[in-house]
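Those sequence lines, one after another, are chains Y and F. Heads up: the first sequence begins at 900 in the numbering used here, then just goes up one per residue. Heads up: the second sequence begins at 319 in the numbering used here, then just goes up one per residue.
Source of the hints: derived by calculation from the structure; they are not laboratory data. None of the values given here were measured: they were computed from a predicted structure. It is possible that part of the hints are untrue.
What the hints assert, rightly or not - Beta-carbon label-pair distances, calculated as ranges:
{"#": "1", "chain 1": "F", "residue 1": "915", "chain 2": "Y", "residue 2": "944", "range": "35 to 43 Å"}
{"#": "2", "chain 1": "Y", "residue 1": "1251", "chain 2": "F", "residue 2": "587", "range": "17 to 25 Å"}
{"#": "3", "chain 1": "Y", "residue 1": "1269", "chain 2": "F", "residue 2": "827", "range": "53 to 61 Å"}
For every residue, glycine included, the Cβ atom is placed at its ideal position computed from N, Cα and C.
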Amino acid sequence: MSGTVKIRMYNVGFGDSFLITLPDDRLVLIDAGFHSQGKGAFSGDELARQIVADVTAIAGEAHIDVVIATHRHADHLFAFNSTVWDDVSVGEVWLPWVEDRQNDKAVRLWKKQQRFAMNLALALTSFQLSQEDRESVEFMLWNAGVELPGFAAAGGWSNARALDRLHEGFGYRRRPKPRFLPATQTFPESFASPVLPDVVVHVLGPSRNPDLIEELDPEADGETYRALAMRAAAAGGAGDMSSLTAFGPEWQVRDDEPGAEACLSPDERKRLEGLAMGADALLAATHVDDMINSTSLVLVIEVGKARLLFPGDAEWGTWKRILADDDARTLLHNATFLKVGHHGSHNATSKTLVEQVLPAKIPAMISTQAGKGKYRNNIPLPDLMTALDAHGIRYVRSDSLPTRMPKGYRKDKDGKWVEVSIPC
Amino acid sequence: MRKSPLDTRPERRPLRIFAFDPMIARAGDHRVTVEIPYRPLERDERSFRDDRLEVVDYDAATQRYYRAVDLSDDEIAMAHGLEPAEHDPQFHQQMVYAVASKVLENFDRALGRRLRFLGGDRLRLFPHAFQARNAYFDSELNAVMFGYFPADDDDPGANLPGQTIFTCLSHDIIAHEVAHAALSRLHGYYNEPTNPHVPALHEAFADIVAMFQRLTFPELVAPVIRETRGDLLADNNIMLDIGSQFGAATGKGQALRRIAGKPDPTLFARTKEPHALGWILVSAVYEGFVLTYVRRTRDLLRLATGGSGRLPEGELHPDLVNRLTNECVRTAQAVLSMCIRATDYLPPVDPTFSDFLRAMVTADFELNRADDSGLRADMIEAFRARGIRPEAVGSLAVQSLLLEAEDAATATPDPALADIVRKLLGFGARQLDRNATHRIERKRERRRSVSESSAPQEWYSQQVRSVVSDVVEEDSSPELSEDVEPELVLREVAKALHAWASANRARLKLQPDLPIAVRGFHPVHRIAQNGELLIEMVAHVVQTPRTSPPLGGLTYRAGATLIASIDGYLRYLVCKPFQPARQERMAQWLATFDEANGSSWQTERLAADRLLAAYSARAMDRRRWR
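All chains, please: the whole structure from these sequences, using the hints.
Structure, rendered in structure tokens:
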């Protein structure tokens, strides 16, 4: 195959949506998300409409060969809520293996995760948080699909509904069931799909290793897990904790019985209660966020001599495993394009990856929206930008498109997207 | 007419406990009665206490006290305590008290002194402190806190879904945590993870105490010997599971850890994760134990088999089971004492496995030169098989593993030191005397000062801080206040020792211009195998630089452990002087830690205390009991 592969990044603000046009005009859509309160160029049905219009212009019909959702964060799949997709046909849908609804372990994990996030949401009022921190927590919970008052999107849009569409929606599907990746324990796993002739896909994440499940288990921090459950119960009207005691009133010392002062000092009780019920809301929310990011697909899409690296929002845990594997490193060594992970955050792109593994001078794209709040303060990370520059990696940022585009890039006149062409 | 009122005072207090986690216990009868030293108990509705332990059943999650059991009640005392039952919180109190007392007794026996918490404080036990799958020692409260939690709804193992599981009903967890508390008392600076061996050593030590204490209960060992036909490494040896109810309850469906395993000599060098490292140490000690047990029982097997040593098929003779059980218990007790005793010969800061091996060998050599049982040699062999090599010694011979004494040529008895030792030993002897009345030293009114509770992120490092800060640091006035240390003798010894150590900084390989802190001093009265009495003083002194580079919350310190005889000789001197190489190693360890956590960018805001927090008691044990 010769020619070019085109990668179009939609300016969705804090989120991801990429449309890849292969040399034979076959199409791959990776993610379609946006932040409901972000500053991107799209809201509501607009992103779906824009993509479908572009697809129709390129392929002559509303057909996408492969639709990929890297992970279940709103900023990566929210636009799949749109009914616009009902008239689109697709070849295949690819999802990370943890989305397989037949997998008991994954189902159990999501159940726990959902319970944890929900308890955090319910308990939120019991925490003293700064406005900035509260906004960060709320953003992370919204992103994870927890319905918060004031955050509910119009038209009943939700992560769950978007996932439903990915599992069984769209007008027509050549392969009725989604492909869950990786399909095996093999690492890295490589496969070809009948709907994408001449393309080899390498799956570098998420890991199928059972240890991953363990890492992702919110109960790993048992104290926080239980403390949130109890705080949520208290906020939910359980009121006093008597219903939650391990032993009934017949075992308990009544408050009016003498001797309490001699036993524990107020400071001691305060520490005990802190250790028992204390939790860090921001940390807990970050855990929810990290956990979902860690289920992110990491793909190297090989088209001719082009190797396109799409790591979703994969974080350090995933990268650590990738960088420790020779075969995986070799793949990255030959990458010809990088989608910078997780909007340019600190733990989605390691220093080693930029400085020692990726080749210099390849094009890269960062879909991001600089913002405020603890969560987004350092996104994109200035150090990372500097390192990319130092390494000659030619990147564009969706939130600050240059007026003169670098070689190989072009942009939409309204700034709704930017596109790069990669020889293959 | 009785000659003394002491004649009617009971020597032991029998109390019933679950020897295995109740989940396994249901399958067979694994309740045992442990006999702990009798101490008079004080009780009110909210707690009961003897001179060293206090059980406070305060559930901080629901802010309730559960009524304290009255172990002195005739009906309860005569039945050897309450019947073991999961649903009875008062039995839970009895169980934590019994197991913790047993652990302290094992420490007393091994150390040759009564283990005394700082200032004569009581170690507090909270059997139902919080609702989570964890149990840990909190140095800030000088308390061991046990959590409880519902079994996993979807995958409860052999437990019922949603059934409440109590960590305070596991002999292993209680023993493990009390051992942490005791080690934190003896070596506070081991709560600073200055190298990966330090947290590993803490964990391994606690596991060793839990496991070998259990191996000293003949009622438990006998069935195991019968079932495994005397093979202590057999797969069906349930003694090898530590805290097995917990693995099952978290959905892993298997015991937390299995002890046996083929040693891989390269594993040690490759392993950095402290739990995994600690694991290697535990398995080395267990193998040393098995080697000795096998040698000690070989003659029995020959006798029982008409000389062939090969056991016939089928059940073992009950007499043989009993004799093997006795050997097993005796060997386990010896191993337990050896490991606990080693702590006296460890440096006060920054220990490694190599230090532990040498301390163990030296401690044992002091009491038992001939090594008739071969235990010492077996330990060395088991460590060698796992690639744990002593640093800075020429060979694995006992002589080269022994810690260094001072240069014999220059060593002279030091009268000032002799004075200090004599004074301290007098105090220690009184404490040990079985007929002495142990008055309850600590006034309950005296409060520990607990730091004002701060943000949750700071609790972890606070756990470490509180245990390393209560020392005599000031150069000018090394006075312990009466509030910190009520015993006048000990205050005087502290002062004298501080003066002596300050004057002998060069001899202790410490900096001449830095103040010195006396971390601890202990009288030792040990009875050697041949009946001789070994008496000496163990003291720890530490120096902390005035300024220190940021090391993830670590502090680069130097220190020395000195073992002094009653005539003023320094028998052994275990030094960790300031060495650039050691500081370099700490920086390296922090860099490795950061790298393993993916923190590579400069502008990232890394928590200043990140290493401390990652290896705090609460965080370590959370991973442990999962």
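A quick look at each hint next to the structure:
no.	hint	verdict
1	F:915 / Y:944: 35 to 43 Å	holds, 41 Å
2	Y:1251 / F:587: 17 to 25 Å	holds, 23 Å
3	Y:1269 / F:827: 53 to 61 Å	holds, 55 Å
In terms of the numbered hints stated before, the structure departs from none.
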